[in-house]
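Peer 1: Following the hints, complete the assembly by docking chain E onto the known chain H.
2 protein chains.
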Amino acid sequence: MRMSKLYLPTLKEDPAEAEVISHKLMLRAGMMRKHSSGIYSYLPLGYRVIKKIEKITRKHMDNSEAQEVLLPIMQTSEIWKDSKRWDKFGPLMIKFNDRKSREYCLGPTHEEVVTDLVRDEVRSYKDLPLNLYQIQTKVRDEIRPRFGVMRGREFIMKDAYSLDTDYQGLDQSYQAMYDAYERIFAECGLEAVAVEADTGAMGGKDSHEFMVLADSGEDEIAFCSHCDYAANVERATSKKTDIDFEVEAELEKIHTPEIKTISELEEYLEVPAAKMIKAVAMVADGEAVLALVSGEDELNEIKLTNYLQANELRAAEEEEFAELFNSVAGFIGPVNLNNVRIVADQRLKNMSGAVVGANEKDYHLKQVKAGRDFEVEAFTDLRSVRGGERCPKCDQGKLNIKDGIEVGHIFKLGTKYSENMGANYLDENGKAQPIVMGSYGIGITRLVAAAIEQNNDQYGIKWPKAIAPYQIIILPLGNDDQVQEKSEEIYQNLKAQGWEVLIDDRSERAGVKFNDSELIGIPLRLTIGSRSLENGVVEAMIRENNKKLEIELDNLEKEVEKLFADIS
Amino acid sequence: MRMSKLYLPTLKEDPAEAEVISHKLMLRAGMMRKHSSGIYSYLPLGYRVIKKIEKITRKHMDNSEAQEVLLPIMQTSEIWKDSKRWDKFGPLMIKFNDRKSREYCLGPTHEEVVTDLVRDEVRSYKDLPLNLYQIQTKVRDEIRPRFGVMRGREFIMKDAYSLDTDYQGLDQSYQAMYDAYERIFAECGLEAVAVEADTGAMGGKDSHEFMVLADSGEDEIAFCSHCDYAANVERATSKKTDIDFEVEAELEKIHTPEIKTISELEEYLEVPAAKMIKAVAMVADGEAVLALVSGEDELNEIKLTNYLQANELRAAEEEEFAELFNSVAGFIGPVNLNNVRIVADQRLKNMSGAVVGANEKDYHLKQVKAGRDFEVEAFTDLRSVRGGERCPKCDQGKLNIKDGIEVGHIFKLGTKYSENMGANYLDENGKAQPIVMGSYGIGITRLVAAAIEQNNDQYGIKWPKAIAPYQIIILPLGNDDQVQEKSEEIYQNLKAQGWEVLIDDRSERAGVKFNDSELIGIPLRLTIGSRSLENGVVEAMIRENNKKLEIELDNLEKEVEKLFADIS
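Heads up: the protein sequence lines correspond to chains H and E, in order. With this note's numbering, the residue at position 539 of the first sequence is 539, and numbering never jumps. Position in the second sequence (from 1) plus 568 gives the number in this note's numbering.
The following block holds chain H by itself, in its conformation from the complex:
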């Protein structure tokens, strides 16, 4: 492709709208443009990368005996009501009526469509197992779209759905997808790790996320330093022991003027945070819930959501402290709190002698004891692990926490959807049984961003060769006829051999050409100038490590092949 003809609007400066490096570089390298918040147009260079990732994904899905289909974006409300998720997705799901006032949504995922598709048609155990996949646009109206395609509202996903007669079959289908995912990310040139994950709105049993480690990742992952334990902090646990509350004394009310936070209390009372109770006022589907964790811990909202089986969980607003809790922000506590569910972290199960808010402005209570002064609905795991804690699996290593980008997520759904939606098959005895399902997603557009997060430097992108938009870029320097002719000859020869080649035939300064070639991150650059031609050589640069070397013109094609083979 000639760069003079390619629609490639590169930018010299970082766009103000972009925070993370992949977002900046995708805009600067002319890969995409923003249409609206979280919605992008992919330009030729960007869409080439997407198509390459799709092709690699298809290959490994087909090799795993998954079959490609294409399911609708616009979906009827009926199937979502059948599965009982019509309300569960909340404002994340875009809903609208058609001209005949029938309710539809834009598919945020396709479990319902697949289950609906097979429920009338997969009749016998002989029709199973099946794995149907698609590469399709999804729409999720994120509350805070950000980081470019990392958290967009309209994005491309590869999603697959396995259908089995039993859980043993599901385990096999799940493993096949797990293996395929490892191959897909490896072939794309990405370092991705599988971690235990929360199942969230999908429901179901086991779940793994595939994470690309990167500082800009929105997820935190806990890794054991000793064994293979790895889990999203959303669900990670550790060998943190119960807190030893030795004190036991009478309840005491103390005046704490304007003392609202744990750290202010620590200073004022000279009591360590570990001896205090952090009481967090939450609203779960409109209902008041008080969550208690140790003063030194953080509430894990995902764990609380799962315990409550809530659709929507959020912190209480200022005015709700009075309305829903009959309390005061900064001074809330579990004692004398009526009509409010109280749930505590399991570390607090011997809670006594603790400091809590008095539900009255400028007052706290000391020597508080659960069971005596208030009742707790349950003690369960509600805290987030922290780096340095002991591994829950091997009990030897310590947990390290790293940031990661979720590029894949696989779920053992079980029979949740097939039971709700009546997707049964007849077993060998002619008895109706619910189909056992799994669901498997890869964020194709997000993967582009993750690849850039892992592969860039101050000059721009360093594409892994398997997903680079072009493999080779030729830079003719100057207007010398011989340079132009030789460059054209090399361009045509390499193209004829099947290489994907860009030639920068624009009438731009050498500096602009060098900068653009590095910005757009083509793995191998060949620079052709009059001086090097005189010496019968061409300068090659490997973008991966920015190493330059001279290759002989007479041997150019063989040298290119050799160099390219060594690039990762």
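Note that these hints are calculated values from the structure, not bench results. Be careful, since some hints might not be right.
[Unchecked claim] A few chain H residues facing chain E, derived, Cβ under 10 Å:
no.: 1; residue: Lys-51
no.: 2; residue: Ile-94
no.: 3; residue: Gln-134
[Unchecked claim] Listed next, the in silico EDC-like pairs over lysine to aspartate or glutamate satisfying Cα-Cα at most 16 Å (straight line):
no.: 4; chain 1: H; residue 1: Lys-5; chain 2: E; residue 2: Asp-695
no.: 5; chain 1: E; residue 1: Lys-1063; chain 2: H; residue 2: Asp-62
no.: 6; chain 1: H; residue 1: Lys-5; chain 2: E; residue 2: Asp-630
no.: 7; chain 1: H; residue 1: Lys-495; chain 2: E; residue 2: Asp-630
no.: 8; chain 1: E; residue 1: Lys-619; chain 2: H; residue 2: Glu-54
no.: 9; chain 1: E; residue 1: Lys-1054; chain 2: E; residue 2: Asp-1122
no.: 10; chain 1: E; residue 1: Lys-623; chain 2: H; residue 2: Glu-54
no.: 11; chain 1: H; residue 1: Lys-34; chain 2: E; residue 2: Glu-646
no.: 12; chain 1: H; residue 1: Lys-12; chain 2: E; residue 2: Glu-689
no.: 13; chain 1: E; residue 1: Lys-580; chain 2: H; residue 2: Glu-121
no.: 14; chain 1: H; residue 1: Lys-95; chain 2: E; residue 2: Glu-671
no.: 15; chain 1: H; residue 1: Lys-51; chain 2: E; residue 2: Glu-622
no.: 16; chain 1: H; residue 1: Lys-55; chain 2: E; residue 2: Glu-622
no.: 17; chain 1: H; residue 1: Lys-5; chain 2: E; residue 2: Glu-689
no.: 18; chain 1: E; residue 1: Lys-573; chain 2: H; residue 2: Glu-68
Beta carbons: idealized from backbone N, C-alpha and C, even for Gly.
Peer 2: For chain E alone, coordinates are given in the frame of chain H:
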């Protein structure tokens, strides 16, 4: 692929929901399933055909120097308001608000997105020409979705947008797309003809549709028997002469009890239809319009819409005859009709002595003369041509009318969008000029249906080989070990040579296998039975013509190659 594993739910009976053959066969051959009115899930076999058509389309677009992009489905209202089409599309466009109450639509087409994309970025004449294309899902909330994917609500289109500095450039870009379209349809194995077309809601100058002739086509096309004139009846003209109204006399009111239609009047008054005026009450964007055509002609609503530059045109409802026209259904006419625009077909320009409704129940007027008894706003072409009329181009041939399916549509848009949306470039003199645009669409999913309409028989589909989901199907008959082994061997060998092969390894009766293979329309079938194996032969059937022949086992691969080369 093994049919025992393929998700291919074929149906023996025609589904009740399908009217036309392509719709019936796409359902019966397990290519797709209905999700909701006009919305389909494409199953593995159907999606393979779609992908083949997409691949052929991409090849010819790339060869024409068009560059592939991917533009959003969810589009902001702002750009549609800029182009002044936000209201023009009416209920065909699905609109909704996001969680922050911003207005969006689902893109029925992408002129606005492309114009918005380039308006800030294509700055110089040096950046042009450009042609950007995509293969993307479109959503149009059709009032009457029907015929399966022929008129769906969610469908796949290839759309391209050319950007030039001037009309000469546009002519070249348009011709390049015209040529590419001919190659695409030819390579898909379709007979398609280009016809002059109406520009409709796109606006602009020239326009051609590519039509696949088929009885189930929703469009009517007029062809000249002598020259190359071909036009959609929506815009076709003919050498129809003015009507000779020789009579001129006093206006006369006559009693015509319950006589409402032209044919009833013909009988009652013993006057030929050609001497009567057909007055059609229409409502254009809420305004009353009376359209007059000869009693023997039909009003062409597209031509009237274009004349009025209306967004929405429809026939008046029963109650609107009184409300908007102060008249009576069945007895409406142009005389004494106040506050109503009256437009007449050009054939009526000497109108006199005509019969029209009296705007009073059970009465008509005779001897009516335009200019004396009422005023006409304009005489213009408002009628539809009929078969047998003389060609407007060569004036020698006669027009034949055939049904067709529109599979492609190309438009010279000119500067309509760039002017409304401010997409300018700087010319060689540094002066801002609007970009000159063209737009080019192919209905990918509709093309699947059109291919079936052109290629089927009573047994099922007869795929053109370029878009067949598989090229070869192997039918092992019976449980004979030798048959199974030999079939497997042939299957593996043909696959290894790069053929796309299906093997019907299901434990079904021979009849079921034969029927399914014909239903799904694989171009070449190889039947392997124990008797033929003994003779060292295999039965081949060419689905195109259902011819059967024996080919020697020893020479099978060469024979397959030869047979396939001859298939169209």
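Peer 1: Could you run down the list of hints and mark each one as holding or not?
Peer 2: Hints versus structure:
{"no.": "1", "hint": "Lys-51", "verdict": "8 Å, holds"}
{"no.": "2", "hint": "Ile-94", "verdict": "6 Å, holds"}
{"no.": "3", "hint": "Gln-134", "verdict": "8 Å, holds"}
{"no.": "4", "hint": "Lys-5(H) to Asp-695(E)", "verdict": "8 Å, holds"}
{"no.": "5", "hint": "Lys-1063(E) to Asp-62(H)", "verdict": "15 Å, holds"}
{"no.": "6", "hint": "Lys-5(H) to Asp-630(E)", "verdict": "12 Å, holds"}
{"no.": "7", "hint": "Lys-495(H) to Asp-630(E)", "verdict": "15 Å, holds"}
{"no.": "8", "hint": "Lys-619(E) to Glu-54(H)", "verdict": "13 Å, holds"}
{"no.": "9", "hint": "Lys-1054(E) to Asp-1122(E)", "verdict": "12 Å, holds"}
{"no.": "10", "hint": "Lys-623(E) to Glu-54(H)", "verdict": "14 Å, holds"}
{"no.": "11", "hint": "Lys-34(H) to Glu-646(E)", "verdict": "14 Å, holds"}
{"no.": "12", "hint": "Lys-12(H) to Glu-689(E)", "verdict": "14 Å, holds"}
{"no.": "13", "hint": "Lys-580(E) to Glu-121(H)", "verdict": "14 Å, holds"}
{"no.": "14", "hint": "Lys-95(H) to Glu-671(E)", "verdict": "13 Å, holds"}
{"no.": "15", "hint": "Lys-51(H) to Glu-622(E)", "verdict": "13 Å, holds"}
{"no.": "16", "hint": "Lys-55(H) to Glu-622(E)", "verdict": "14 Å, holds"}
{"no.": "17", "hint": "Lys-5(H) to Glu-689(E)", "verdict": "15 Å, holds"}
{"no.": "18", "hint": "Lys-573(E) to Glu-68(H)", "verdict": "13 Å, holds"}
Checked against the numbered hints given earlier, this structure breaks none of them.
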